[in-house]
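Undergrad: Given next are the chains, with one letter for each unit.
2 protein chains.
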Amino acid sequence: MKGSGANPTAAMLVIGDEILSGRTRDSNAHYLAGRLAQAGIDLCEVRMIGDDAGAIGAAVRALAGRYSHVFTSGGIGPTHDDITADAIGAAFGARVAVREDARALLAARYERMGVEFNEARQRMARIPEGAALIDNPVSTAPGFSLGNVHVMAGVPEVFRAMLDGLLPRLAGGAAALSESLRVELPEGDIAGPLAALAARHAGVSIGSYPFFEGGTYGANIVVRGSDAQAVAAALADLHETFGALP
Amino acid sequence: MKGSGANPTAAMLVIGDEILSGRTRDSNAHYLAGRLAQAGIDLCEVRMIGDDAGAIGAAVRALAGRYSHVFTSGGIGPTHDDITADAIGAAFGARVAVREDARALLAARYERMGVEFNEARQRMARIPEGAALIDNPVSTAPGFSLGNVHVMAGVPEVFRAMLDGLLPRLAGGAAALSESLRVELPEGDIAGPLAALAARHAGVSIGSYPFFEGGTYGANIVVRGSDAQAVAAALADLHETFGALP
Chain A
1 MKGSGANPTA AMLVIGDEIL SGRTRDSNAH YLAGRLAQAG IDLCEVRMIG DDAGAIGAAV
61 RALAGRYSHV FTSGGIGPTH DDITADAIGA AFGARVAVRE DARALLAARY ERMGVEFNEA
121 RQRMARIPEG AALIDNPVST APGFSLGNVH VMAGVPEVFR AMLDGLLPRL AGGAAALSES
181 LRVELPEGDI AGPLAALAAR HAGVSIGSYP FFEGGTYGAN IVVRGSDAQA VAAALADLHE
241 TFGALP
Chain B
1 MKGSGANPTA AMLVIGDEIL SGRTRDSNAH YLAGRLAQAG IDLCEVRMIG DDAGAIGAAV
61 RALAGRYSHV FTSGGIGPTH DDITADAIGA AFGARVAVRE DARALLAARY ERMGVEFNEA
121 RQRMARIPEG AALIDNPVST APGFSLGNVH VMAGVPEVFR AMLDGLLPRL AGGAAALSES
181 LRVELPEGDI AGPLAALAAR HAGVSIGSYP FFEGGTYGAN IVVRGSDAQA VAAALADLHE
241 TFGALP
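In order, the protein sequences belong to chains A and B. According to our numbering, the residues represented by the first sequence are 1 to 246, in order. According to our numbering, the residues represented by the second sequence are 1 to 246, in order.
Just so you know, these hints were derived from the structure itself, not from any lab. Wrong hints could be hidden among the right ones.
Stated by the list, open to error - Label pairs and their in silico Cβ distance ranges:
1. 164/A <-> 111/B: 18 to 24 angstroms
2. 107/A <-> 200/B: 36 to 42 angstroms
3. 228/B <-> 196/A: 56 to 62 angstroms
4. 113/A <-> 168/B: 49 to 55 angstroms
5. 169/B <-> 212/A: 43 to 49 angstroms
In this text, a Cβ means the ideal position worked out from N, Cα and C, and glycines have one as well.
Build the full structure now, drawing on both the sequences and the hints.
TA: See below:
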């Protein structure tokens with residue numbers, strides 16, 4: 001999706017070998033996409049890469065230079081394969097060290113739980129210098145924002161909780177509106193009239209998403225835009241064009 | 001995931017505004033990841049971008065130069081927003097025109113169905129010069145391979161059928177083996193012994209994927225590699241290290 005021109009833009013970077021090996025199916029990108037659409041931030045690109053410091057650094061630098069915001073998920077736990085904080089610190093020349101406020105949060109949690117605050121757990125307080133912490137109400141270990149890069153956990157419950165804290169701090173634009181019409185005709189019959197309709201409504205974006213369900217070919221036609229009147233006008237035209245068809 | 005060094009490498013490019021808007025959750029990347037792991041092709045990167053010719057061209061050029069194979073999904077249907085063939089042709093300087101063998105396949109299908117083979121449907125026979133067709137046993141309209149870029153449909157049933165035809169033509173390497181152990185301990189307790197274990201088994205990759213389920217913290221520890229003996233030795237060590245823990 002191209003940015004609308006008016007709204008802030010964003011990319012997501014999903015980090016983890018388990019995604020690329022097919023072991024785990026990522027759910028954070030789809031969740032983020034929905035939340036950003038509501039917030040008026042245009043998600044323009046998603047990348048998924050492995051637990052490789054060079055690949056993380058190169059991707060995050062490229063995306064941070066191109067978009068208003070970069071959201072990452074994965075690789076901020078206590079184990080040896082959690083290398084995101086170090087890779088992102090290195091990418092931006094920020095020293096990474098145990099930070100006292102993060103350490104104190106974690107120490108208090110493990111004391112409450114009666115669990116040893118060992119060296120591995122202290123790793124989760126290692127934050128690049130100059131970053132702002134992102135609250136983790138689920139399991140305490142914080143994420144962080146370094147410039148326009150927002151680093152969050154991969155575990156979906158934690159990712160979602162961190163995003164809830166982060167999003168209200170980011171300036172959004174006009175929420176994306178979308179309306180759709182299900183048309184039970186093969187896309188090949190829809191295509192001609194739809195192209196003409198799209199030309200009549202240049203202020204919105206119109207997509208056609210084909211399906212094949214139980215022997216029926218059809219497509220969901222989706223109108224997207226941030227101007228409610230323009231979206232409504234295109235939807236009315238859609239109903240007029242396709243609503244009366246068999 | 002870094003390439004193993006021995007196996008061919010791959011990237012996937014998922015094309016479609018509907019993914020980035022949060023309307024549709026992509027399933028093709030996860031499916032491809034599993035199939036490539038079996039085939040011994042290392043998936044190193046996934047990108048998801050919108051229906052934007054410039055973005056498609058830039059991404060496919062970057063990925064085709066870096067990996068042995070690039071797999072794309074989406075944007076090859078008959079409607080105005082299906083621009084993948086043209087964008088990829090333009091990216092590699094290949095003329096895109098209706099190709100006779102593809103046109104004949106489609107014409108025969110629509111004649112059998114008693115459906116008009118109109119201008120929109122003829123668009124699906126537009127293929128970049130020099131490409132090899134990828135068979136579509138579900139709905140006929142072919143994909144294509146242009147050099148190391150394999151262009152397939154976004155509809156999951158069609159993507160999977162095309163991949164079935166394509167994969168046997170690509171040279172694979174050693175299938176990725178993986179074994180895992182579920183450890184019901186917080187990752188903070190696992191991390192120290194696991195880092196030592198990973199150092200003892202440098203020939204395999206060891207990942208820790210935390211979960212929090214019904215009040216229980218734990219992690220699935222996954223050993224991956226292409227050498228069966230090395231994977232088995234690391235798994236045995238994992239059982240010895242964590243199997244006896246509460």
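Undergrad: None of the hints should be skipped; say for each whether it holds.
TA: Each hint tested on the structure:
Checked against the given bound of 18 to 24 angstroms, the beta carbons of residue 164/A and residue 111/B, roughly 56 angstroms apart, lie outside it. Roughly 31 angstroms separates the CB atoms of residue 107/A and residue 200/B, a value that falls outside the hinted 36 to 42 angstroms. Take residue 228/B and residue 196/A: their Cβ atoms lie about 60 angstroms apart, and the range 56 to 62 angstroms holds. Evaluation of the 49 to 55 angstroms hint for residue 113/A and residue 168/B yields a pass: the beta carbon distance comes to about 53 angstroms.
For residue 169/B and residue 212/A, the hinted distance range of 43 to 49 angstroms is not satisfied, since their beta carbons lie about 25 angstroms from each other.
Hint compliance for this structure: hints 1, 2 and 5 are broken, all remaining hints hold.
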